[in-house]
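Student: Model the placement of chain B on the given structure of chain A, informed by the hints.
Chains A and B supply the protein sequences, listed in that same order.
Positions 0 to 490 (this note's numbering) are the ones given, in order, by the first sequence.
Positions 0 to 490 (this note's numbering) are the ones given, in order, by the second sequence.
Hints were generated in silico from the structure; no laboratory data involved.
Be a bit skeptical, because a hint or two may be false.
Which copy is meant is left open, so a pair is good if it fits within one copy or across any two.
Claimed, not checked - Think about it this way: if two alpha-carbon atoms lie no more than 20 Å apart in a straight line, the pair counts; the simulated EDC-like pairs of lysine to aspartate or glutamate are:
id, residue 1, residue 2
1, Lys405, Asp312
2, Lys313, Glu244
3, Lys253, Glu302
4, Lys253, Glu398
5, Lys405, Glu302
Protein chains: 2
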Amino acid sequence: MEMDLNAQEKKTGFFQRLKEFPRKLKDGVTKRVKNVIKFGKDDPRRIIHSMKVGVALTLVSLLYYVRPLYISFGVTGMWAILTVVVVFEFTVGGTLSKGLNRGFATLIAGALGVGAVHLARFFGHQGEPIVLAILVFSLGAAATFSRFFPRIKQRYDYGALIFILTFSLVAISGYRTDEILIMAYQRLSTILIGGTICILVSIFICPVWAGEDLHKMIANNINKLAIYLEGFEGEYFQPEKISKETNSCVREYKSILTSKSTEDTLANLARWEPGHGRFRLRHPWKKYLKIAGLVRQCAFHFEILNGYVLSNDKAPQEFDSKIQEPITTMSREVGEALKAIAKSIKTMSKDSACVNSHIDNSKKAIENLRIALKSSYPETEKDLLEIIPGVTMASILIEVVNCVEKISEAVEEFSGLAHFKETLDPKLSADIGQHQLLHRGSVKPVLDGDNEKGDNSSSSHVLITVHDEEQPPTATAKNVLGAEKTRVDVV
Amino acid sequence: MEMDLNAQEKKTGFFQRLKEFPRKLKDGVTKRVKNVIKFGKDDPRRIIHSMKVGVALTLVSLLYYVRPLYISFGVTGMWAILTVVVVFEFTVGGTLSKGLNRGFATLIAGALGVGAVHLARFFGHQGEPIVLAILVFSLGAAATFSRFFPRIKQRYDYGALIFILTFSLVAISGYRTDEILIMAYQRLSTILIGGTICILVSIFICPVWAGEDLHKMIANNINKLAIYLEGFEGEYFQPEKISKETNSCVREYKSILTSKSTEDTLANLARWEPGHGRFRLRHPWKKYLKIAGLVRQCAFHFEILNGYVLSNDKAPQEFDSKIQEPITTMSREVGEALKAIAKSIKTMSKDSACVNSHIDNSKKAIENLRIALKSSYPETEKDLLEIIPGVTMASILIEVVNCVEKISEAVEEFSGLAHFKETLDPKLSADIGQHQLLHRGSVKPVLDGDNEKGDNSSSSHVLITVHDEEQPPTATAKNVLGAEKTRVDVV
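So here's chain A without its partners, still in its complex pose:
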């Protein structure tokens, strides 16, 4: 009886599941499709790239479909298809690097292969395969070994691979065919056709430039640092007020910690690209890696700061309230400096006055912090232990200011090499001059601290700061130079 019930239950369960199956399937499929659409929308260039591959494939298949072409190339048209599939990369740099590597490697290895076959024929029918095998073995091994050298690996890895492939193919199949020269010629010409189609489609239909991606990525990463510093005060002093969304936004800097390999790849590919848009042929791509290294160093500091921000073991309220004001100013000003740097990179226009004024302000805040620390001199030994987390946090934040100064210097040097345009035209400067006069009265007396670069530069910075309080010079410049979004696009 029990078993009967059990069977009954199982049966109803089965029918139930069978009934629900279409609905579940539909739900599952809808969910998947939605995911795919969202993924495509996140970066529409992915969809465009897929279409471009389709276009290149269709173009190259004409070698088969159009009779006159098929008569001249025959089945070697296959090599053109193969080339398109393996050479077509997401970025122009990637496609160019693979295409050129493939072209030159095929040319050299093809010539060597033909030479090897002719050489082997001197050794008679018995000796020929042995000589060919020895040549294939030694050149294959040597080229494989060369791929381990970092310099070759970085730029010519694919070329070395194709060299082995072509040489082996020509040398080995040369043993069985007498029309080796015709074969080599046909193969080379179809590979050139395939490569050319790839490069043309890649460059002329919605090109994706590795260089531009790298450029945006660096500006975007600097912006992520700025976002962290913007949220720092709230996170440290009022953690209860922070929403979950802000929290995850603030943590965006974490991606910088491990972005080195992406940056290296992009810089490497960018060097293959011709001049385009704002980037000339010999754009200083390597300098991006220097800036990226400093940005990462700054992110390392955030990672350690984070430990103190999230810890429950904070300094006493009394101490915190004393350092809150200078810490807030420091993190805000240095964040503003980073935003200005990011914007200057994004728009490729110099704006060191604004950046320097923010950095100077943050340095002044460091002095104020010192004063605040002095005034919060611990009354007992126990107090000293209690304030350690706060002191450490402040100390690391001071290091962050140094880091940002280094970033600013590197970007300053880079802006010269990359021919950034000057933001302020004479008319605008005159305008600012007036503003400065109007607001000179509100300059606060500042303490002289780390900032000992001479009075001239210091005072001019202060003036611009004052102007900045009224209306940021960058904003004016932006209107003059044409509107640009302030928020750096996500790469």
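Tutor: Frame of chain A, contents of chain B only:
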């Protein structure tokens, strides 16, 4: 006259250079050759790998040289050569991943391609190329798009590429040949032959296992952390005594900061490998990445510490001398803990007692540091500012201890999953018991600090520590289990 002299000079200069040319050429070539030999010696597996590729190429070329084989496969033997060249990777995991991807993708895409050709033939001679072009375009674009999905990119990127390639080749060339099934069969079988040769050579001739590389790399990275901590005292308190060599040795941890992509790749490839040596089939490869993440976190702390170690702006001598002893103990003990962890991973044997005892010692040192800090209570406000760098350094070092404890816990968890062998057999434990009795008298009274895990575990740790002072238990275990080098090999 002057011009004559000038010409004369140029001439002699030219002959001089001509004379020196053979010597310079010889020097240049000798230098290059020496570099290449050194590069090969650094990791002889590179040379072996190059030879292996040569062997695989020679084996596969038999398809052409041996008449009966050539008669059955003909020019499609070319696909076997192509497969060997592109599939053969440095590690077994890499070769397997590419080989299997290539095999399955060819199978599926070949079948679909044949289907597509048959379908297109229904549309007559005019419609056939149009239908084929539409199919190639849409499947090519869809497969290209799928390569952007992280999951597919990580494991099946090469498969997707080969899918596009095979489908396009079969579908397009199917338009011009009637023997499409024979062609597909020949191509598939030669690819299988090529793939099988690769996999066999890769596994059975001096295999390089990605999993083993990952395993060694993690152990090695933990050792690098230990080396930094070992040198920390000298670097901070006696920087004038440190030699350049030690300095560069201590900085080895820097490679960890950016090793994430290598680790990810190795872990990804390791999952394709069959069980080998000490690693079973379902070895917890993903756990390595967790440990590696914690190790990197620790390296981030070193990077910040470094700023304080190298800075000239140190705390006053008086303050430093007070904290020197606990700081030294802390860094030494936590370094020892890391060494024990690295060794435990390297030998795949549990040794948590030793690790825990060192961590406990470092925690006790933290307590002593607290006491030292209390006693160096600043006498004036100025003193407080001066000791800030020292306090920050100490505070970050305490965080390092926490980091190492997390690493130890992660390795402890991992050691269970990876079936680490127990180091201490009963006989050995009894032996230690006696030692403990003999040395119980020398247990120093310790301050109770962070370590509040109950008296039992705490006291047993203390006992083992005492034993450790006489003769490390790991050393005994080592002799029992067979000698193993303590220094972890460089990957």
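Student: Against each hint, give a clear statement of whether it holds in the structure.
Tutor: So, going through the hints one by one against the coordinates:
For the homomeric pair Lys405 and Asp312, the shortest alpha-carbon distance between copies (18 Å) is at most 20 Å, but the shortest distance inside one copy (31 Å) is not. Taking the closest pair of Cα atoms, Lys313 and Glu244 never come within 20 Å of each other, the shortest separation being 24 Å inside a single copy and 40 Å across copies. For a Cα distance limit of 20 Å, the shortest separation of Lys253 from Glu302 qualifies both inside one copy, at 8 Å, and across copies, at 16 Å. In this assembly of identical chains, Lys253 and Glu398 lie within 20 Å of each other by CA distance both inside one copy and across copies; the values are 18 Å within and 19 Å between.
Taking the shortest alpha-carbon separations for Lys405 and Glu302, both the intra-copy value of 19 Å and the inter-copy value of 16 Å come in at or below 20 Å.
Checked against the numbered hints listed earlier, the structure breaks hint 2 alone; every other hint is satisfied.
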